[in-house]
Amino acid sequence: MEDVAGMIFSGPEFKKMDENMRMLTVDVFKAIPRPTVSTAAPLASAAAAAARDGVDRISRLPVGILRNIVSRLPAKDAARTTALAKRWRRVWHSVPLVLVDAHLLSDRSVVGRGRGSTQFREMGLESWYAGLFRILDAMGSLADNVSHVLAAHPGPFAFVYLAGNNMLYHPDKLELWLKLLAAKGVKELVFVNLASKFDDELPIPAELFKCTALTKLYIGTWCFPDTSTSDLPPTAAFPYLRELGLCNLVIKDEDLAFVLDRCPVLEKLMIARGRWPVCLRIHSRSLRSVQVCMAIVPEINVVRATRLERLFLWEAWGWGDRDLTNMSSKVKIGHAPKLRFLGFLVPGMHQLEIGNTAIMVNTKASPNTTVPSVQMLGVQVKLGTHFEARMLPSFLRCFPNIETLYVQSENDDFKFWGPKTGGTSKAINLKFWKDAGPIECIQRHIKKLVLREFRGRKSELDFLKYIAEHAQVLEEMVIVMTHGHLPSDNLGAKLRIFMASAKWANGCCKMMVFKSPFEQEGTAWCYLRGFDFSIEDPFDVSKCREDKCAAH
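Going by full-length UniProt numbering, the sequence shown opens with residue 1, and the numbers climb by one from there.
Because the hints were derived from the structure by calculation, they are not lab data.
Heads up, some of the hints might be wrong.
What the hints assert, rightly or not - As a list, the in silico PhoX-like pairs of lysine-lysine whose alpha-carbon atoms are at most 25 Å apart:
1) K503 - K543
2) K86 - K15
3) K330 - K252
4) K30 - K252
5) K364 - K210
6) K252 - K184
7) K543 - K458
8) K184 - K197
9) K494 - K515
10) K268 - K338
11) K364 - K268
12) K268 - K330
13) K86 - K16
14) K16 - K197
15) K503 - K447
16) K173 - K197
17) K15 - K252
18) K30 - K86
19) K431 - K458
20) K510 - K447
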């Protein structure tokens, strides 16, 4: 599949951005879905592979198959099929539009230079098809080309990907596009504003709410409409929307609550790279997966979510006392009977509440403080920092049936996200973990432990030894080295020697050591895996490279 983001990043709007906006924009493109069509296999390649006898067998196919073929082509290639034969002329007109604006950034040769209106007529094209070719051939601005394609095609629009323009300079087109998208029943929409500066806060018009046929919506780098003053009708809603991505937005709590309340069948929600603190309250009968990634979210409150299976927090920070040195936030879990995947929880930052009980050090497990449905948990913790380490047993007691535990070992020298992370000088050793008391999930249920970013510190070794000696059904212990180390170097040898002295609770457990698949330290996340319900382990990003998932 082609790199559409690379096309956009080589375009003129991206080059005008300051460094901060470039970084934010790259993160936004990591979060948004990839286009469903590609120019990687153009029609020219297909023509080169035509039958030697010159017989046009493709045109003899049933109309339904022809429409299927055209629906899988980029917009320009799809339109060009009208020149193949008389039978193709009406096909593009009758196929739902698939438009990726980056494909209109191609060089002029894709539509041929110097073609006049006479040649278009000789090809048998209708006037509005010819108009499309003339404009694209003249290579006007990208925004002009998008406007013409949206106006020329009668609809409906199956998938529209608009991410190549700074809409601050095209306010008239912004209104026009949304009106056309709404009128022609767009089903899936990705709409990113390529703002040049961080403080270029452009509101996305409330006409967005008129796109009521949407089933998937991703918007990036906008100010969300003020739902209290936008003259929205009481019936404003997205009745068919199943997937929603809010990327790098300025959005208020009440506006987020408004849009979620008006998505009755929403199954997938992503909040990524939030530009402003926003609290998330989940009260839904339909949501199945929620991802909060690289965003400032002071509170996440799962009030009632009867179908929620996945709650993913990747670098989801708080904003304690509106102080960037205190990133503490609240994570409340109420009624979520189907919640199976949760993480990454951060004991030094997240203030966990189960039901109406705040989880504190030495909180005892009870029906009111546990979520028995969770089977896979991720935690991000500084194992050598007393305040965080002492909270970890209490967190684990809340999830007694965990079968897979991911531990992201953080650098103890990094003091950033909590008011108490300075901790104390108390030693975190094997005795500390033994004195913490029994933890049911470790003793009876955990079958797989993955510790990432292993640095070889004594606190990490003692934690691993504690797990090895107390996890009675543990089958796999996977240790991923921090960046710059290999399983075969001195750090790997130190690990194997130390763990050889452990009295393993399950003598059949396998310990495996791997090098980091990533080029730098830190957490790693795959948005695609988070929303793919067919994947059994969404935390496993070992096969993801350069924001590409091996499973997709």
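Quick rundown of the hints versus the structure:
Annotation: proposed proximity of K503 to K543 is violated, straight-line Cα distance about 32 Å (limit 25 Å). For the proposed pair K86 and K15, the alpha carbon gap of about 43 Å is over 25 Å, so the pair is violated. At most 25 Å may separate the alpha-carbon atoms for a hinted pair to count; K330 and K252 meet this at roughly 18 Å. Only pairs whose Cα atoms come within 25 Å are accepted, and K30 paired with K252 is accepted, the gap being roughly 24 Å.
Note on K364 and K210: the hinted pairing is violated, with a Cα-Cα distance of about 50 Å set against a maximum of 25 Å. Under the criterion of a C-alpha separation no larger than 25 Å, the hint pairing K252 with K184 is inconsistent with the structure, at around 30 Å. Between K543 and K458, the direct Cα distance comes to roughly 29 Å. Violation of the 25 Å bound is thereby established for this hinted pair. Proposed proximity of K184 and K197 is contradicted: the alpha carbons are some 32 Å apart, above 25 Å.
With a C-alpha separation of about 15 Å, the suggested pairing of K494 with K515 holds against the 25 Å cut-off. A hinted pair counts as satisfied when its Cα atoms are at most 25 Å apart, and K268 with K338 qualifies at roughly 15 Å. Taking the CA atoms of K364 and K268, the gap is near 33 Å; set against the 25 Å cutoff, the hint is violated. Distance restraint check for K268 and K330: the Cα-Cα separation of roughly 22 Å lies within the 25 Å cut-off, and the hinted pair is therefore satisfied.
For the suggested pair K86 and K16, the alpha carbons sit about 45 Å apart, so the restraint of at most 25 Å is broken. About 9 Å separates the Cα atoms of K16 and K197, which keeps this hinted pair within 25 Å; it holds. Taking the CA atoms of K503 and K447, the gap is near 17 Å; set against the 25 Å cutoff, the hint holds. Our distance criterion of 25 Å between C-alpha atoms is met by K173 and K197, whose separation comes to about 20 Å.
With a C-alpha separation of about 30 Å, the suggested pairing of K15 with K252 is violated against the 25 Å cut-off. About 42 Å separates the Cα atoms of K30 and K86, which puts this hinted pair outside 25 Å; it is violated. Our distance criterion of 25 Å between C-alpha atoms is met by K431 and K458, whose separation comes to about 12 Å. Between K510 and K447 the CA atoms are separated by roughly 11 Å; this keeps the pair inside 25 Å, and the hint holds.
Figure legend: structure checked against the earlier numbered hints; hints not met, in rising order: 1, 2, 5, 6, 7, 8, 11, 13, 17, 18.
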